[in-house]
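Undergrad: Sequence:
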Amino acid sequence: MSLKNRLGFTREPVYLIDGSAFVYRGFYAYPDLKRSDGFPTNAMFIVLRLLAKLLREEKPAYLGFVLDGKGPTFRHALMESYKAQRMRMPENLAVQIEPLLEGLGKMGIATIVSHGVEADDVLASLANRFKKDRPVVLVGADKDLQQCLDENVYLWDPSMRKEKLVTLESFRTHQDLVPGQWPDYQALVGDKADNIPGIPGVGPKTALGLLKRFPSLEALRDGFERLSAKEQTRLKPHMEDIFLYRELTRLKTDCCADHVCAQLKINQEDMSAFLDFLDAYEFHSLKREFARDDARDTNASGHKMTGTFVEPVHGEALPDCAGKQVGMILEGKGVRIGLEGREYLFDACSMSLVTALGTAQSIAVPSLKDVLYHHRLWYLVPLGTWFDIGLAEYLLDPEERNYGFERIRDGLSGELDTHPENPALTACRIGELLTKRLEAGDFIPLMRELELPLIPVLVKMEQNGIRLDLEAFAAFLAEVQEKLDQLTTAIYQEAGTTFNIRSSQQLAEVLFDRLGIVSRKKTPGGKPSTSVQALEALADAHPVINSILRYRTLEKLRSTYLEPLPKLVDRENRVHTHFNNLATATGRLSSSKPNLQNIPIRGEFGPRMRGCFIARPGYKLVAADYSQIELRILAHMSKDPHLLDAFARNEDIHARTAALLFDKEPEAIQADERRKAKTINFGLLYGMGPQKLGKDLGLTLKEAKEFIARYFSALAKVKTFYTDVEKRARAHGSVTTIAGRRRLLPDINSRNANLAQQARRMAINTVVQGSAADVIKKAMLAVDRDPLLHKTGSRILLQVHDELVLEVPAENAIEVGERLTVIMSGVYDLDVPLAVDWGIGDNWAQAH
DNA sequence: ACCGAAGA
DNA sequence: TCTTCGGT
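With the numbering used here, letter number 366 in the first sequence gets 366, and the count goes up by one each step, no holes.
These are computed hints drawn from the structure, not numbers from a lab. Where is the CB? At the ideal position from N, CA and C, for every residue including glycine. You can trust all of the hints, since none of them are fake.
Taking CB as the label site, the calculated pair distances span:
#1 348 <-> 384: 21 to 31 Å
#2 288 <-> 536: 43 to 53 Å
#3 165 <-> 414: 21 to 31 Å
#4 173 <-> 509: 41 to 51 Å
#5 223 <-> 787: 47 to 57 Å
#6 234 <-> 790: 28 to 38 Å
#7 478 <-> 616: 17 to 27 Å
#8 478 <-> 602: 18 to 28 Å
#9 407 <-> 716: 38 to 48 Å
#10 616 <-> 407: 39 to 49 Å
#11 267 <-> 223: 50 to 60 Å
#12 710 <-> 384: 43 to 53 Å
#13 76 <-> 698: 47 to 57 Å
Calculated cross-link-like contacts (lysine-lysine; reagent style DSBU-like; alpha-carbon spacing at most 30 Å):
#14 265 <-> 143
#15 527 <-> 705
#16 678 <-> 695
#17 59 <-> 287
#18 692 <-> 678
#19 778 <-> 717
#20 143 <-> 53
#21 719 <-> 705
#22 230 <-> 212
#23 192 <-> 483
#24 695 <-> 727
#25 639 <-> 705
#26 719 <-> 678
#27 692 <-> 556
#28 556 <-> 527
#29 59 <-> 143
#30 164 <-> 333
#31 702 <-> 678
#32 143 <-> 556
#33 143 <-> 236
#34 34 <-> 287
Go ahead and model the full structure; you've got the sequences and the hints to work with.
TA: So, in structure tokens, the structure goes:
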């Protein structure tokens with residue numbers, strides 16, 4: 001549905017497009033699109049496609065396309081380093097700008113090229129003037145545009161798979177800021193992309209806290225005395241700079257005084273020149289689309305209207321929910337309820353509402369996790385009452401990447417009898433439909449006994465967070481930064497040029513073209529690879545290679561961990577990750593914003609990195625991890641006597657495998673032989689074939705095949721297990737884990753051998769990896785419910801696939817560690833023991 | 001094999 | 001979107 005309808009505009013809105021953003025995005029997103037003579041057309045294509053969609057769906061009357069001009073802007077005059085690290089426009093993109101402007105002209109769209117200011121400034125200035133007369137929709141993704149939000153100004157990004165609309169209201173509920181405070185906020189936090197440093201150690205949480213107390217930088221300066229001593233020392237050295245930073249972020253609202261809205265009127269009376277233009281650049285699909293749109297005046301909203309719309313009641317008389325099926329949608333602070341064909345709106349969550357809903361038979365919601373975050377009162381509704389629509393869909397097909405309500409609704413639209421503008425009634429109906437499907441697939445126990453109860457545990461873990469040692473982070477970062485600076489000069493010298501070492505493209509050019517090193521490995525895309533594996537093989541060819549490898553590891557450390565993490569801490573220096581329970585095809589959790597499941601552990605810097613994650617004063621971290629859980633599951637499922645025996649005796653499994661493979665006593669196994677056995681053990685869990693194994697072990701294809709054959713003849717029951725999994729996958733088109741989790745693998749019966757082979761590997765890996773995920777999820781529930789852990793004041797902080805990290809009062813740490821291992825090893829009764837290793841420490845490194 | 005983040 | 005690299 002168009003924005004006009006959704007937002008109920010009464011006057012024609014004007015759309016202002018941040019052209020530069022889309023031009024760049026298109027350029028990187030579609031690197032290979034070219035005309036047959038080689039002229040690059042990728043950026044043009046993306047922009048034109050975006051406009052086509054916008055014209056078709058929005059039917060705008062006024063639209064302006066704004067591009068950055070060439071020269072420097074006033075911001076460069078304010079600060080030299082501004083956007084210094086951003087490269088100048090690549091040649092392949094620059095050549096597309098003129099033709100693009102020409103095309104837009106023929107399309108009847110007004111373009112504005114900014115000079116001395118950036119495109120965003122033009123957008124802000126025009127929005128500021130036009131908003132008095134009509135709604136303004138800023139089309140773009142730059143977060144700095146949020147400062148323009150107003151009752152009549154909207155920010156919209158339709159280019160992603162899921163469009164993003166920010167209104168004044170949604171901004172307020174999400175940000176706890178007024179749009180006008182955005183520049184003040186950015187000045188404190190900094191912005192790496194624009195090279196605005198911000199204040200070290202001040203992340204979003206701190207900045208929001210400060211702005212809550214002092215609404216502007218001026219107020220902050222004037223009230224400086226009222227800050228705590230710690231805050232004063234942190235802020236003092238930067239108090240002058242932040243005013244400059246704010247000027248860089250603040251968009252101008254007073255340029256383009258001579259533009260009037262009438263100039264932005266779309267004029268598509270004659271499209272023939274534009275169609276010729278599309279021909280000239282070989283945009284055939286776009287031409288078809290425009291020719292079609294030109295021919296018929298479409299009027300369809302594109303939305304299938306089933307059921308009749310029911311006007312929602314503004315509820316102060318509560319409906320009787322007892323024993324009924326209910327659907328619920330959260331809208332900002334408010335709540336929308338649907339039952340028995342009626343919808344009710346409430347301004348906020350309240351005790352009486354929660355009590356009424358608690359008597360329902362079931363409440364279908366798009367995401368239970370969101371509900372629990374919405375208000376603490378929701379915890380009072382019995383867990384068994386909730387029905388999580390996203391979760392249900394995930395269990396039915398874990399390979400959809402999008403479990404948003406809209407996607408699911410549209411997928412089921414054929415079977416819905418509700419109006420799309422009655423989302424709560426729709427949710428209720430979807431709940432009914434999906435319940436039937438879950439029953440048919442035998443997913444109810446998995447849903448009710450594992451996945452749904454896990455959600456409040458995940459929320460607790462996220463809210464607990466884990467504490468960072470900020471001093472240690474700062475010292476670490478300073479060291480790494482200094483080494484990086486030294487390496488940069490060394491590399492430029494050794495290579496004989498300066499270039500962007502972070503760019504694999506430029507690096508490949510320098511190494512393989514300029515220095516004449518012969519590349520051996522290729523990327524999946526067919527270009528010469530500069531990965532660690534590829535570079536290590538070339539280490540002898542040139543001294544610069546080793547410097548580059550070292551630069552890579554340090555840069556990774558800096559950019560992924562050392563720099564971003566301290567910015568995310570709250571008042572107590574704790575970071576709060578998101579544990580996503582609908583993210584993986586195998587049933588594992590994933591962690592993001594920040595990802596705490598890939599914090600380095602190995603190598604020169606791993607222990608030091610994990611040492612920066614600490615327990616709060618008076619507490620210890622207790623970490624417990626399953627030992628070889630996936631191989632143990634393989635042992636249990638295959639019933640292979642060698643594996644069962646090795647685990648029963650708690651032997652070194654890789655050494656034992658090596659002994660079988662090389663026909664030696666386990667004591668006589670060499671390190672290299674153990675390494676090979678380890679690689680093949682892991683490889684087979686991934687369903688790895690001989691090519692990949694050979695590559696990893698440096699063997700020829702023939703040797704690798706023999707090696708695998710030897711493995712399977714020694715571990716014959718593993719072989720039969722593999723073929724059984726494959727057979728079952730063929731027969732059902734899916735595989736199932738111990739807890740009844742299912743992954744669909746339609747490709748396993750494909751005539752395309754590659755696809756079938758890929759599906760075969762997924763089948764094996766999913767059974768093993770997914771079952772391991774079931775085991776630890778069950779353990780998490782048991783840990784959460786354990787009275788002793790509760791009594792000792794333990795809190796669960798992290799899950800890293802086979803590991804749990806708890807924070808515990810120091811005096812109880814040993815007791816908790818012991819209890820934890822008992823719980824974790826006891827969740828499933830397998831044919832092998834589930835061994836658990838654990839440790840205690842003041843930080844995560846020690847606890848290992 | 002399964003992820004997420006950063007950079008271009 | 002692709003490449004790379006950190007984790008399991």
